[in-house]
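Protein chains in written order, with our numbering: chain F, 5 to 297; chain A, 5 to 297.
Each statement offered as a hint is correct.
For identical chains, the list gives no copy identity; a pair is met inside one copy or between any two copies.
Taking lysine-lysine pairs in the DSSO-like style, the calculated list, with each CA pair at most 27 Å apart, reads: (1) Lys162 <-> Lys9; (2) Lys228 <-> Lys162; (3) Lys200 <-> Lys245; (4) Lys9 <-> Lys114; (5) Lys114 <-> Lys200; (6) Lys162 <-> Lys42; (7) Lys63 <-> Lys42.
Derived from the structure by calculation, the hints contain no laboratory data.
2 protein chains.
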Amino acid sequence: MEKMKVGFVGLGIMGKPMAGHILRAGFPLTVYNRTRAKADDLGREGAVVADSPAEVGAKSDVTITMVSDTPDVDQVIAGPAGILEGVRPGSVVVDMSTVSPELERRLDGKLREKGCSLLDAPVSGGDVGARNATLAIMAGGDRGAFDRVLPIFQVMGKTITYCGPVGSGQLTKLCNQILVSVNLLAVSEALVFARKNGLDPLTMIQAVSGGAAASWQLLNLGPKIAKRDFQPGFMVDLMQKDLRLILETATANPTPLPAAALVQQLFKSVQIKGLGREGTQALAKALEALSGI
Amino acid sequence: MEKMKVGFVGLGIMGKPMAGHILRAGFPLTVYNRTRAKADDLGREGAVVADSPAEVGAKSDVTITMVSDTPDVDQVIAGPAGILEGVRPGSVVVDMSTVSPELERRLDGKLREKGCSLLDAPVSGGDVGARNATLAIMAGGDRGAFDRVLPIFQVMGKTITYCGPVGSGQLTKLCNQILVSVNLLAVSEALVFARKNGLDPLTMIQAVSGGAAASWQLLNLGPKIAKRDFQPGFMVDLMQKDLRLILETATANPTPLPAAALVQQLFKSVQIKGLGREGTQALAKALEALSGI
Chain F
5 MEKMKVGFVG LGIMGKPMAG HILRAGFPLT VYNRTRAKAD DLGREGAVVA
55 DSPAEVGAKS DVTITMVSDT PDVDQVIAGP AGILEGVRPG SVVVDMSTVS
105 PELERRLDGK LREKGCSLLD APVSGGDVGA RNATLAIMAG GDRGAFDRVL
155 PIFQVMGKTI TYCGPVGSGQ LTKLCNQILV SVNLLAVSEA LVFARKNGLD
205 PLTMIQAVSG GAAASWQLLN LGPKIAKRDF QPGFMVDLMQ KDLRLILETA
255 TANPTPLPAA ALVQQLFKSV QIKGLGREGT QALAKALEAL SGI
Chain A
5 MEKMKVGFVG LGIMGKPMAG HILRAGFPLT VYNRTRAKAD DLGREGAVVA
55 DSPAEVGAKS DVTITMVSDT PDVDQVIAGP AGILEGVRPG SVVVDMSTVS
105 PELERRLDGK LREKGCSLLD APVSGGDVGA RNATLAIMAG GDRGAFDRVL
155 PIFQVMGKTI TYCGPVGSGQ LTKLCNQILV SVNLLAVSEA LVFARKNGLD
205 PLTMIQAVSG GAAASWQLLN LGPKIAKRDF QPGFMVDLMQ KDLRLILETA
255 TANPTPLPAA ALVQQLFKSV QIKGLGREGT QALAKALEAL SGI
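Working from the sequences, and respecting the hints, build out all of it.
What follows is the structure in structure tokens.
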């Protein structure tokens, strides 16, 4: 069976290793990146380097986008020389960025006018997951399109879930981020409570992490907070982008989310202190400041 | 080596199976319970049934208490015919209830006047953990006393942690409950957000539970909320007792805990609806009510 022709737009810290996995799995690959040097790296490995997203769309059965924020996705798909200008009927565009579910529905509508469709398939697992091909991929859109693209998802990720109609991937990713950020708030409050009351933080974490209090955030970021390691696994500024998407979606379809709103406000105080590029575990500093630590 | 003589006061849903493990491990056991029938059950298995906590204290090297709330602990240890009236110098009292750290310090002071000491050693793992001897035990107090009592802890629990001076067990348990309740709030918000936006809740849970969003609460209580199963693993009313202890301790030693305070307020609305005896996962109903579901 002939391999699908794949296109990839956006070769940043996530996109470049993801595109590399696709190339090494033997899919013919066309790439585009605003800063051409990153595309040329993949060019030397055998990818075709295109001059525009439109050209990528024209050469691909499946075109993947992985860019920073909602306006960037809109631009590379629906902007001048965007994918929409090049796509061939029957092809699939897969947006793996984390952006507004509403934009995905809108872009899907535009693609359907050209006989194509959109999958929204954001990921979790960060740059480590991208490099190790262990991403969780949460996909929404046409089920048939999902099944066609699945072999490509499988070279980039570990847990791949079909979540429902277009937008469902983003909505699931936003659920993921509610859980991540509010669990981290739990960790931050427990650690500041421990510290104010003279407990050794690492002993506390060890004592509680075998049971109902356990979470990925506690096991992975709790010890970093205890050891004052605020290097970013995932940056505060990026979490704020996701919390903004959550709260916008929860405004459009009114859903009071008091804890998500609280954590967004506390992250704002971390940003005000100039720590937006630290890891999300810097949330603990906001709690410590409240406690006069 | 002769086995330590053990006493056990409080044979409720937790205490009775815990005392049973001690008895079956071969420790000579004296028991007391306000409702004598429960003590008689253990009497038929070979325990001595005493007429008062004081009598238990007089017959034991290590006397364990496992009762409901702060005033009950105060009563069985320092009240009329309490353990303090019977204890022999050199013995250890171990309170395994979840109560105020401050009370434990006070009782330790009184016991020291009699040449004894207190370990505070609350547990997590619920009645299932008590029956299966898989409790997490978080202990505070004199390190030498902890080492002596460790063989008894080992027949009741799996993860046993020495947390520091007296009160540290309770403080660690309170950290545990901050994590448990705020993680559950995260699960409740993610599920109400999913439901309002048309996602299948079980698919969402499956999609996110392999990564940074994972928690015990998500994996264990998330599916119960999705399936509308509000049977108690741990009751709302008991969680409120623990949140009260957390917020009292955070008032005495001022520590702003906005998320713990928020979850306590939301549980209050669950109680107002008459659902205090449902499982803590009924927290989701408070979020659903806010969203008009």
